[in-house]
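Peer 1: Using the hints provided, position chain B relative to the given structure of chain A.
Below are the chains, spelled out letter by letter.
There are 2 protein chains.
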Amino acid sequence: MADDAGMRVMAEPLKAYCTKVFQRLDVPAEDARMVADNLVSADERGISSHGVARLRRYVKGLQGGVMLARPEVRIVHETPATALIDGGDGLGQPVSRRAMELAIEKAGKVGAGFVTVRNSNHYGIAGYYAMMALKHDMIGFSMTNAAVLVVPTFGRDAMLGTNPISVAAPAGEERPFVLDMATSTVPRGKLEVYDRMEKPLPLGWATDEKGEPTIDGTQVLDNFAKLAGGGLLPLGGAGELLGGHKGYGLALMVDILSGVLPGAGYANNIYLKDKDGRAQPANVGHFFGALRVDGFRPVDEFKATMDDLIRRLTATSKAVDRERIYIHGEKEYEIADDRRRNGVILHHKVVADLKAMAEEFGVGFDL
Amino acid sequence: MADDAGMRVMAEPLKAYCTKVFQRLDVPAEDARMVADNLVSADERGISSHGVARLRRYVKGLQGGVMLARPEVRIVHETPATALIDGGDGLGQPVSRRAMELAIEKAGKVGAGFVTVRNSNHYGIAGYYAMMALKHDMIGFSMTNAAVLVVPTFGRDAMLGTNPISVAAPAGEERPFVLDMATSTVPRGKLEVYDRMEKPLPLGWATDEKGEPTIDGTQVLDNFAKLAGGGLLPLGGAGELLGGHKGYGLALMVDILSGVLPGAGYANNIYLKDKDGRAQPANVGHFFGALRVDGFRPVDEFKATMDDLIRRLTATSKAVDRERIYIHGEKEYEIADDRRRNGVILHHKVVADLKAMAEEFGVGFDL
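First to last, the protein sequences are chains A and B.
Going by our numbering, the first residue of the first sequence is number 5, and it counts up by one from there.
Going by our numbering, the first residue of the second sequence is number 5, and it counts up by one from there.
Derived by calculation from the structure, the hints in this document are not laboratory data.
For clarity, every value in this text was computed on a predicted model and none was experimentally measured.
It is possible that part of the hints are untrue.
No copy labels: a pair is met if it fits in one copy or bridges any two.
Derived lysine to aspartate or glutamate pairs resembling EDC-like cross-links, with alpha carbons at most 20 Å apart [what the hints assert, rightly or not]: (1) Lys113 / Glu82; (2) Lys322 / Asp212; (3) Lys335 / Glu178; (4) Lys203 / Glu244; (5) Lys335 / Asp311; (6) Lys322 / Glu244; (7) Lys322 / Glu213; (8) Lys214 / Glu327; (9) Lys214 / Asp280; (10) Lys214 / Asp325; (11) Lys24 / Glu364; (12) Lys194 / Asp212; (13) Lys203 / Asp220; (14) Lys214 / Asp357; (15) Lys335 / Glu244; (16) Lys214 / Asp341; (17) Lys64 / Glu364; (18) Lys203 / Asp226; (19) Lys194 / Glu244; (20) Lys322 / Glu216; (21) Lys353 / Asp278; (22) Lys307 / Glu16.
Just chain A, same shape as in the assembly:
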């Protein structure tokens, strides 16, 4: 893929570099390591849109004061199985990791733990947190709302984010099931890839400013920049014929669980700007959950059944010209196997930007 063209960089020194950049911006060492680990993990899993390519945006957020390096994070309310955490406008990753740890701790005690977060920011890949449950023999859940890009069914303007859902479940000898999906048909980055290749979009990815399906990705991106209307389509595409109302419903569910339930931003009431066009704290919200497998069934039985389920699916007959049926997370595990041995792949523009930041913050860039 053209998108994968770039330089190989080993993960550990890349994490160390990112950690140092965050520390120069006054982020405490532990928090800095958490964000770095999350970003590089995305690159390891081949999700480069959520990897260190995002570092500049986080740096800008910290520099502009809309993300705080040392937020006041507090548990606002809790019960044995639930909690609400206020992220204090800090980076999304450290509070999300602590929220998922709290969900796991609660599940350890009473069987289930669900923790929501408000006043947070972009938290990276959703799957990172759901996967934290796996080593505890729990099923993990992670959702977040996000900047407004997705048009509701029969609407003209974007009103929801790409609001991802991640669910991770352990298996035995097979790899875990790790679903990590935006509830839009595609993320915005996919339009940018097609735009660079000057390819028309498939119908079902996006709408124009009148709310009509379009193949003109350049126009859609231009409309985003001008706030002219239109946007990405929910999973299932435009209208109801192919189930677009279902993708819209999933995006709305995520907004309710991760935006409304913690009292964070929601719908187009997120990532607001003041009268002079200056960014305000994003007030992104998250939803995390953990269920103990042995709150229902012995772990070894569950894992043996997961193995059988996975084998049944991957062994079944393939469609014409297809050689393989995948389980969710499988592709990413295979990519990560390669990246951990041979390094993550960074686009040359990303490498140039990392070097620029290395100079800007006086940290070494010896990758």
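Peer 2: Using the frame of chain A, we list chain B on its own:
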């Protein structure tokens, strides 16, 4: 709609009729009322595929002995926030209602409650159980696996059910959010409707026996009957271009939570037949959950925010030639308002079958 053509019947006498039929088949009165209420509720909400049109299948299941009228239902295991219930091969509705009640009871005590069920049967509309949480100011979850109809991405044979997801969240002055969606693009019933109208299917609904997308619904239904391969497509359609792997992932998630987690059937290991082609107990599995809103945030604040979210979405600009943006559950609430006043609408074939069963079981049919 041609499908709505039929006779108006008031809900209460229809429930009483169904209750009597089940009682004649030795189902205890309370259980019989639960199943009747669930079926007629589906008709009230306009989901006639899951209404009393299904009564005959339940009757056959009870007569054939694969569904037991008086099952031994027991809690196999529980923690403060979780439980596993064995449905003892009884009707799906009574055990599901009790499982959701247990989830709500647990959420009342510790903030969250999640209950799975094994050795069950078809449970009717998923939303019925999720909506039980609403009056307790909780968010409700309901999922079930089902008979194998859906082809995994890049596969040739159906390996998963239409595995629905329902999530219900209360609002204040506005109606609740009630998502209730099959994870396939459409249910099988939709193919039957197109078949009767002799209309070609939209691409993205189904595949032929080679795993290729098809517009020939008659062939797909024929293939189902002959077990010749092919089937319904997951939400997002064939392949990955429009996100079919996401719909497949959601269907698989439902199978893990409602099939694997309780130790019920899963994938094509459900609704099995013996060597002589006789149906065995279906071993359908379900997953129910409840989260107390005030486990996170005061209920009045949550409801006020839900109202604002709903109003923002419904008030936003409409696409060309569209007059309305819907919230999930809204259409069904409006239909139910009419049906409760004027009666549910039963297809004349369904009415004829109800009359036949009235005669068969010697119960009055005075609707």
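Peer 1: Please write out, lowest number first, the hints stated earlier that are contradicted by the structure.
Peer 2: When the structure is compared with the hints, numbers 9, 14, 16, 21, 22 turn out to be violated.
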